[in-house]
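Knowing the structure of chain A, use the given hints to seat chain B on it.
Protein chains: 2
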Amino acid sequence: MKSKQWKLRARPTAMVGREHFDFVDGDVAAGEGEALVEVQYVSLDPAMRGWLNDAKSYVPPVGIGEVMRAIGVGKVVESKDPSLKEGDFVTGMTGVQTHASAPAKSWTKIAPELVPLPRWLGIVGMPGMTAYFGLFDVGAAKAGETLVVSAAAGAVGAVVGQLGKIHGMRVVGIAGGGDKCRYLVDELGFDAVVDYKNDDVKKKLREACPQGIDVYFDNVGGEILDIALGQLRKKARVVICGAISQYNSPNIVGPKNYLSLLVNRARMEGFVVFDFASRYAEAAMAIAKWHKEGKLKAREDIVEGIEQFPETLQKLFRGENFGKLILKV
Amino acid sequence: MKSKQWKLRARPTAMVGREHFDFVDGDVAAGEGEALVEVQYVSLDPAMRGWLNDAKSYVPPVGIGEVMRAIGVGKVVESKDPSLKEGDFVTGMTGVQTHASAPAKSWTKIAPELVPLPRWLGIVGMPGMTAYFGLFDVGAAKAGETLVVSAAAGAVGAVVGQLGKIHGMRVVGIAGGGDKCRYLVDELGFDAVVDYKNDDVKKKLREACPQGIDVYFDNVGGEILDIALGQLRKKARVVICGAISQYNSPNIVGPKNYLSLLVNRARMEGFVVFDFASRYAEAAMAIAKWHKEGKLKAREDIVEGIEQFPETLQKLFRGENFGKLILKV
Chain A
1 MKSKQWKLRA
11 RPTAMVGREH
21 FDFVDGDVAA
31 GEGEALVEVQ
41 YVSLDPAMRG
51 WLNDAKSYVP
61 PVGIGEVMRA
71 IGVGKVVESK
81 DPSLKEGDFV
91 TGMTGVQTHA
101 SAPAKSWTKI
111 APELVPLPRW
121 LGIVGMPGMT
131 AYFGLFDVGA
141 AKAGETLVVS
151 AAAGAVGAVV
161 GQLGKIHGMR
171 VVGIAGGGDK
181 CRYLVDELGF
191 DAVVDYKNDD
201 VKKKLREACP
211 QGIDVYFDNV
221 GGEILDIALG
231 QLRKKARVVI
241 CGAISQYNSP
251 NIVGPKNYLS
261 LLVNRARMEG
271 FVVFDFASRY
281 AEAAMAIAKW
291 HKEGKLKARE
301 DIVEGIEQFP
311 ETLQKLFRGE
321 NFGKLILKV
Chain B
1001 MKSKQWKLRA
1011 RPTAMVGREH
1021 FDFVDGDVAA
1031 GEGEALVEVQ
1041 YVSLDPAMRG
1051 WLNDAKSYVP
1061 PVGIGEVMRA
1071 IGVGKVVESK
1081 DPSLKEGDFV
1091 TGMTGVQTHA
1101 SAPAKSWTKI
1111 APELVPLPRW
1121 LGIVGMPGMT
1131 AYFGLFDVGA
1141 AKAGETLVVS
1151 AAAGAVGAVV
1161 GQLGKIHGMR
1171 VVGIAGGGDK
1181 CRYLVDELGF
1191 DAVVDYKNDD
1201 VKKKLREACP
1211 QGIDVYFDNV
1221 GGEILDIALG
1231 QLRKKARVVI
1241 CGAISQYNSP
1251 NIVGPKNYLS
1261 LLVNRARMEG
1271 FVVFDFASRY
1281 AEAAMAIAKW
1291 HKEGKLKARE
1301 DIVEGIEQFP
1311 ETLQKLFRGE
1321 NFGKLILKV
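Residue numbers (this note's numbering), protein chains in the order written: chain A, 1 to 329; chain B, 1001 to 1329.
Keep in mind that a hint or two might mislead.
[Said to hold, decoys possible] Within a straight-line C-alpha distance of at most 30 Å, the following computed DSBU-like cross-link-like pairs (lysine-lysine) qualify:
| no. | chain 1 | residue 1 | chain 2 | residue 2 |
| --- | --- | --- | --- | --- |
| 1 | B | K1204 | A | K256 |
| 2 | B | K1289 | B | K1105 |
| 3 | A | K197 | A | K297 |
| 4 | A | K2 | A | K328 |
| 5 | B | K1256 | A | K235 |
| 6 | B | K1234 | A | K256 |
By construction, these hints were calculated from the structure, which means they are not laboratory data.
Isolated chain A, as found in the complex (with noise of 0.2 Å):
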């Protein structure tokens, strides 16, 4: 079957573009044990950036010819897997193309008529495993205690922030404009807010936690970064979730204000939610419920046209989708 792919024709240095990438006619079948998918959404996420580049990571890299990686819900029009028949909806590695096949193990499905197809890329999805596993895990994030969440009002950050407020957290969000603020307080019920293309970061920080920061659940990096260092409390933890003010930066800039740690004998923590995969099921259960019962909400910026995906991809770097980015195929 015909596939509208992206590939990789070469590895960007700084920001990445439409140059980085072949838009090109594949062919795609189902071999014996897989299914065939006609992708539907592919979740466009920060970590795509790192993938780019040829570096020891948690994954390999994507190789400069192949199509471009990337998370995705379909239909399967073809299975020669017992386990999955035509019309179910799936969930997997589609990468970005139209039609996409892949082992039938590899493929989890999925169901629509409980929660929207394009919110399994997000809530119920990947981002939404992050920021459960990243805030309570992770972060031993306790209630009383203040949360500083970075990138607020993306996919992960929102969840993050929602989840700290049912946990009892005092939940501070940093974002970018007065739409992404106003949208934190008002309808995801944030405690503050900081504007950090209007505000005095650090000063509006301050005032926004006045007893210092508990958890900092970092989704930027950079300056971000280096302000809640300064801010922590005692025991604090700082949970590096990504960091995607430096990804498109040729040098990544170290947080300097580190020994804060010393001072405040506290820790900071990476993580890779892959890690937690055995426990996907415990997280989307309680995150439905939460949403069904109207505490945690979603949003979804979702783009049509795969043929828009490079663009797609920097409007995420530039901070300009406003929810969970998402490719209509």
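Only chain B this time, still in chain A's reference frame:
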């Protein structure tokens, strides 16, 4: 009683030196409930540099015009408290001076017949406590793992490495110069060493840690911290004990490779040894026992003459001391 005292004149912004202190004649007297001590040895520690900065830290800074803070050992020459008598040996915050008075409860009695006097500022003093709790409690060191320690021939580093060997770890030390490196391998039993003054640190460290680093005990910060971060194993622990390479620098360099914490699901954690005060006896007993059995060796670098204080402190920051640096009053 007369006391020759080193008082802080001005705060250094870069390397500390004689120009930041005054050497003056003072008067000290034992008030009710206090004991007056003739100071015999004063400990010179990297932490001293931090105490000179007017910044929020785990202790208030030394004030302008105040006697420079220091841990020392000495003999009680006058006591106005029943808990101490003339001739008792004690350790405590003597400051850099010839005589010091303080409440009796702030002095800790020591036994020079068990361990020689200066060693109470070394392996069974604060450096020993720091090594013990930093490695076992913060670093969660396990037998069979690979431990890397920087400033490995220093007061804390040498104990960390030896504790690692006693604990069944593979131990790699980073130190400056052939003499120190030979000492670590030949005398202290380290498995390998990296000479940061003469080796390609990145390459040599990788050869010394073919499986990567499980525990990195950092005393230096800067470039060496970055190199170590780049060679972590999964679930590694980075213990931030100090950053001697950075203390005299007006512009602290942050660890560019901190995202290695994410890729490797690793953590970086700081601590302050005072938090473990209730367990000092446990650590001191264990270390004294291993020392007696010949499993843990001590080495002091003793400079004579309190008038040498500023230059001796500089020696510490230049890495010129070989063993625990102590000033004989």
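Results of checking the hints against the structure:
1. In summary, the hint linking B/K1204 to A/K256 is supported, as the alpha carbons are separated by about 26 Å, within the 30 Å threshold.
2. Between B/K1289 and B/K1105 the alpha-carbon distance is near 27 Å, which keeps this suggested pair within the 30 Å criterion.
3. With a CA separation close to 24 Å, the supplied pair A/K197 and A/K297 stays within the 30 Å bound.
4. A C-alpha spacing of about 18 Å is found between A/K2 and A/K328, which places the hinted pair at or below 30 Å, so the restraint holds.
5. A distance of roughly 23 Å separates the Cα atoms of B/K1256 and A/K235; the hinted pair therefore holds under the 30 Å criterion.
6. Of the supplied pair hints, the one linking B/K1234 and A/K256 holds, its CA atoms being roughly 24 Å apart against a limit of 30 Å.
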